[in-house]
Amino acid sequence: MPFDVIAAVTDQRELGPDTWLLALDAPQIAAAARAGEFVMLGLPEIDRMLIRRPFSIARVGPAEAGAPRTIEIVYKVFGSRTAMFSTLRPGAKMSVLGPLGRGFWLPEPDGPRELLLVAGGIGIAIFPLLVQQLGARAGEASLLYGARTAAELVLRDWFAERGVAVELATDDGSAGHHGMVTDLLEARLARPARGRRLVMACGPTPMLRAVGDLAMAREVPCQLALEETMACGFGVCLGCVVPRRNPEGEFDRFVRVCTEGPVFDAREVAP
Amino acid sequence: MSGGVRTEVDVGRGLVLRNPILTASGTFGYGLEYEPFVDLTALGGIVVKGISPAPRAGNPPPRIVETPSGMLNAIGLQNVGVERFVREKLPALRERGAVVIVNVFGSSEADYVAVVEALEREQGIAAYELNLSCPNVDKGGLAFGRDPDAMRALTRAVRERTGRPLWVKLTPNVTDIAEMARAARDGGADAVSLVNTYVGMVIDVERRRPVLARRTGGLSGPAIRPLAVAAVDQVHRAIDLPIIGIGGITCARDVVEFMLAGARAVQVGTANYNDPAIAQKLVDELVSWCRAHGVGDVNELVGALEE
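Protein sequences, first through last, are from chains C and L.
The opening position of the first sequence corresponds to residue 1 in the working numbering, with each subsequent residue numbered one higher.
The opening position of the second sequence corresponds to residue 1 in the working numbering, with each subsequent residue numbered one higher.
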């Protein structure tokens, strides 16, 4: 059950070019959040912002002391709303609805696993909470992380510090592999698995399509986190639909990213 | 009564709502999705998503885009169809005691009649609202809403098959909305609800393409409120039939504005997305507004403009 709260900003930091981390004091949402779920973020005054925007819950914190109080959002300034968000400073109030959606699902750990997290650009924002919730098993995860330039590869050290094997790719070659993150995935999938493989991906639509195709070609289970424009976040506006396909690969019906997703089995959706 | 203010409103054919705050079709799902946020029985009524004879997949995405103080949508009446509505949604709504108004949609007169005939066998429906105004489908909807003869005939065809209150939801995308309201009245409507969305278009100038896959959509939200208030005023001055006002309502002041223009009740639409509890909050806010302004009965506001 989601909570609709007015929450105070507790932190706002620039992580990289046009990329920010925003923390909000929202203990109910922080306690309930599962990896892959999201919140709708807006301002308390409807006159100032009519339609809230969806953001992945990047992280909850502080992790050290008891139950988490805050949720963190990692976002890119893209339009006028996100530009306005980046001007908010600690103490400012926002309206927050969440946690929403169906997040990642993890198989029972009945043996060694090889979790391949594939992030493109700001798609990284969905993965820290997953690593937090993996806890001691974070070492089972590899992060394959691509962006245009090295400066955009935000939070990469945070993952490495938690035992996640990080492989990088950049369009300009300024860090890691000079090329696409899907090249890293292709190479990894060609090597013998260290355990039961599972791919989880978030990023631009062409990347998701390529990741889904690579994983399915090798019959590796794959979960894709989608992003679509939405007005409500809880299943009623029907704005965020994507076509769902049946086992034969044909159009079946439209499914809502906000409630049937945002995380889908790659076999179900054709991003 | 609520807080010393009489809130009941008579919207025709003996249907008395406990208060004038309803939710607009298409923005409130089948009502049940809002249960985490709203006591459905606290509202004057809920108007469910448009129901057609068969399920509809709706339009391809992108379907929505925010606009200045508003939103453009082209959902295309995606719905579960009347059979599943009756089987899966209506029993739950009935059990909760919500006042349910079913928005009815079809591509032909026969479709509208078929939906109403299927619903006539069911208990727990307070009224029908004929959607003769959706701008986002190829057939039906707006085609009937722009032709007074077609509207009169379709309303009459449904009227002959039900004794339940019958509302017609009007489009503002016409030259003279009062003429359409007269046609609905002459066909036997008990009330008219207005306005549905205004046809609009947003272009992505970088890609030189319409943002919505359907090219155009329906504009809703505070951006259209003055237009909707004018439409209500125009219809109120033209005919003597209960009016349900719709268009960008976000606060009690907006509700009062529509009522002063002649609406006996209102529907809250796009604002439900921003605040899923807003309809219930508006009931309380309206009572507070009335108390603060010495209004003992909300009906005192209806059409009470100083001339």
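Everything labelled a hint here was simulated from the structure, so no lab data went into it.
It is possible that part of the hints are untrue.
Here are the computed distance ranges between Cβ atoms for each label pair [what the hints assert, rightly or not]:
(1) C:His177 with L:Glu83: 38 to 44 Å
(2) C:Pro27 with L:Asp240: 53 to 59 Å
(3) C:Pro27 with L:Ala57: 38 to 44 Å
(4) L:Pro36 with C:Arg209: 31 to 37 Å
(5) L:Asp147 with C:Arg13: 57 to 63 Å
Don't be surprised by glycine CBs; every beta carbon is placed ideally from N, CA and C.
Cross-check of the supplied hints:
Against the hinted window of 38 to 44 Å, the Cβ-Cβ separation of His177 of chain C and Glu83 of chain L comes to about 54 Å, which falls outside the hint. The supplied range of 53 to 59 Å is met by Pro27 of chain C and Asp240 of chain L, whose beta-carbon atoms lie about 55 Å from each other. Distance hint for Pro27 of chain C and Ala57 of chain L: a CB-CB separation of about 40 Å, consistent with the stated range 38 to 44 Å. With their beta carbons about 34 Å apart, Pro36 of chain L and Arg209 of chain C fall inside the hinted range of 31 to 37 Å.
Taking 57 to 63 Å as the suggested C-beta distance range, the pair Asp147 of chain L and Arg13 of chain C conforms, at roughly 59 Å.
The structure does not agree with numbered hint 1 stated previously, though it agrees with all others.
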